[in-house]
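*Asks:* Construct all of the structure, not just a fragment, from the sequences and the given hints.
If you want the building blocks of each chain, they are given just below.
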Amino acid sequence: MDEFDNTMIGRGRDAIDMIVDPDTFQENAIGTYQCEPDYGPCASVGTAQLKGRPVTIIANDAQQFNERFPVVFGGVIGMEEAYKMAMAVYHSIEADKDKPIAEKRPILLIVDTPGNGPGKMEEIAGMNKATGSYQLALAEARKTGHPVIACVIGRAISGAFLCHGLQADHILALSKEYGTMIHVMPLTSISRITKMDIEKLEALSTSNPVFAAGAEFFYKLGGVEEIINKVEDMRDVIARHVDDVYATKAKGEFEKLGPWGRGLLGEERGGRVVRLKAMAKMDEEFEAVADQYLNA
Amino acid sequence: MVAWVVQSTGEIQKLVIKEEISVALQTLNFEFQAETPETMTKEWSHLGVTGSGDLEVLMEKKNLGGKVQAKVVTPVKGFDEVWRRMLGKFVNDCQVGDVSIEINDDNATPIVVYMRLRQAWAESSEKEAE
Amino acid sequence: MQKWDELEKSSFLDANARQRAIGMTDKGSFTELLGPRDRFTSPHLPVLGTAVEFDDGMVTGVGRIGKHPVFVISMEGKFIGGAIGEVNGGKMVGTIRLAEKAAARIQKEHPDEYAARRPLVVISFETGGVRLHEANAGLLAHAEVMDAFQDCRHKLPIICVVGSKVGCFGGMGFVAAATDVIIMNEQGRIGLTGPEVIEQEMGKEEFDASNKALVYRTTGAKQKYIMGDCNYLVEDTIGSFYQAIADVADKPMAEIEKLRRIGSVKLVEEQMGLVKLVGDMQPKDAMDLWKYYGNEKPEELPELSTAEFLKVVKCRVRN
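Protein chains in written order, with our numbering: chain V, 7 to 302; chain P, 23 to 152; chain H, 25 to 343.
Hints listed in this document are in silico derivations from the structure and should not be mistaken for laboratory results.
Heads up, a few of these hints could be off.
Just a sample of chain P residues kept apart from chain H, beta carbon distances all over 12 angstroms, derived [what the hints assert, rightly or not]:
# : residue
1 : Asn-51
2 : Leu-86
3 : Asp-102
4 : Ala-130
Straight-line distance between alpha carbons at most 25 angstroms, and here's what the computed DSS-like set of lysine-lysine pairs gives [unchecked claim]:
#  : chain 1 : residue 1 : chain 2 : residue 2
5  : V       : Lys-105   : V       : Lys-257
6  : H       : Lys-132   : V       : Lys-149
7  : V       : Lys-110   : H       : Lys-290
8  : V       : Lys-287   : P       : Lys-83
9  : H       : Lys-125   : V       : Lys-149
10 : V       : Lys-287   : P       : Lys-64
11 : H       : Lys-179   : V       : Lys-262
12 : H       : Lys-179   : V       : Lys-103
13 : H       : Lys-338   : H       : Lys-236
14 : H       : Lys-290   : V       : Lys-103
15 : P       : Lys-84    : V       : Lys-287
For every residue, glycine included, the Cβ atom is placed at its ideal position computed from N, Cα and C.
*Replies:* In structure tokens, the structure reads:
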């Protein structure tokens, strides 16, 4: 029997069904916008209802292959996929542009991706622009008032996690019993590249969350808000975080959310304690000379 | 961790390697006294990059009764005596005093160490660039 | 340290992070913030036996160009390849946030003079992205930078400068793409996936990472310029970069917005058009696109000097 026989890896579409209200997912439709059905096949976007409320869904589909871009399959985010995801976000903003924050639709990212398109055509056309544009779109949606929730159901690896996940207001992850993977690089590769001894790295990784692979280490660093221990709870936990984020935004406390909020959480949980001190010192040093720059 | 080093002045001094730095990066502390020491003109100066085979030097003017204090942080083990010699040679050649030297090293050779110290010293005594 | 006038004439490619920071702002105007004397070294490197640096491989500070405060972030490729960890990532985010706060203060204190006093952020990238020794913290820092960028949108320009040995790769490749303006010298390179990884994914016959000319054609400044992914291609002197930055400093925000590649529906639609072209064409080499855009002899372009190249090159026409 597989070690993770209940894993959600490769099951982005199943996850959509498990999370949203039954039979409500309308693929490719966001407001009045319709995405071309065969565009960016390794990403699935659309609108569904979550406890009676419309939500934008953006998920990886690890079962598809992008015929035009041969390195894009198995959940990889290629250029078409990243732009498709960005468009889903921009059209969510557009659809609710006249609504108050309390009615701006949540955007739910279902994350199971091993990377961005690592090919030659991707570099020629600029994969960096594609992943960058999706992140800027998410940051804009978050700052406009949409609750953006990411739920890691499988793999959230390095740049692909930055692209699809790390711009969310809150990030949730299934626990390691489901085979969830969050990392930049496995220890074996870190060992090879940094020429550090693998045994030493393994020993250190148990106590040092800063380079070890796993959702629990990201939790310690403030990189994940909550770990979901039972897959059946996904729907309820996500809905609860949507409510939390709405409430926080209603109070105008945007800085408690998103990447900056997770930085505060990283300090609170003791995983990243130096960066805020460094920034405070910078502020202090700038203040001492500010006049000659602001009033030159 | 505690070690013992022979100072350039002939004294034997207890060397404390800070525990929080862990066993992996070493911190070495030295003290030197030149015969006719002169201190630097600037309050502090910095030179170099901790690149592979290289190091950075931070020098600060400090009232040390004419002595020089040096602290070296390095991943390389077992070269305490080489560090003592190169730093000692620099202090004697340039007659340095009342200066605190801090070095972050990444496998620099003794020649590079000596050269960077001389460059840092030249810079620390330069007039401010206009 | 060399005198400012000498710095301006010297090679950008050969300059260290501090020289670049000083040379990209007005003479005598640069103040380093969180400099080496503050000793904010990485708390994560010593455990792994890796050497530390007092500025954690990044020079941050503030200078001026005319009345514009210039918030500078300058990465040092010689220290662990310029890679991003907790502290230097924090310095990067902190500098951008300082610029944004400065913009708000200037708006308030000098409302009639905002255009002349508008701050700018200049980032001299020299990095392969995340620092593996503290990979998770480095990754999270990238997200914070993108977040801080978005806060600066339409308020003040963020300028990306790439012209150092390491280039700009990994996660910092998309951070560079998300800036308002990109300035490069001929030696600059920007990408997401490094050449070795592409070779590993596609095979050596498709992409030979040891072929320097191929790597340069794929990610180098001339390719970026043709594609519209580099706004200013300049000679390799610090002074040339300074001039280009000064040019942007005085432009109205609306005009700067037109230099962007991504960050709005309209821009995404334009990029989708480019992706469609590439998907239809299935180029084997960047030169296929150079030819498509009207360069009859694409194989000659890499050999040309910057000045010659700028005279003859035909670029993708932006909508």
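*Asks:* Which of the listed hints are not met by the structure?
*Replies:* 4
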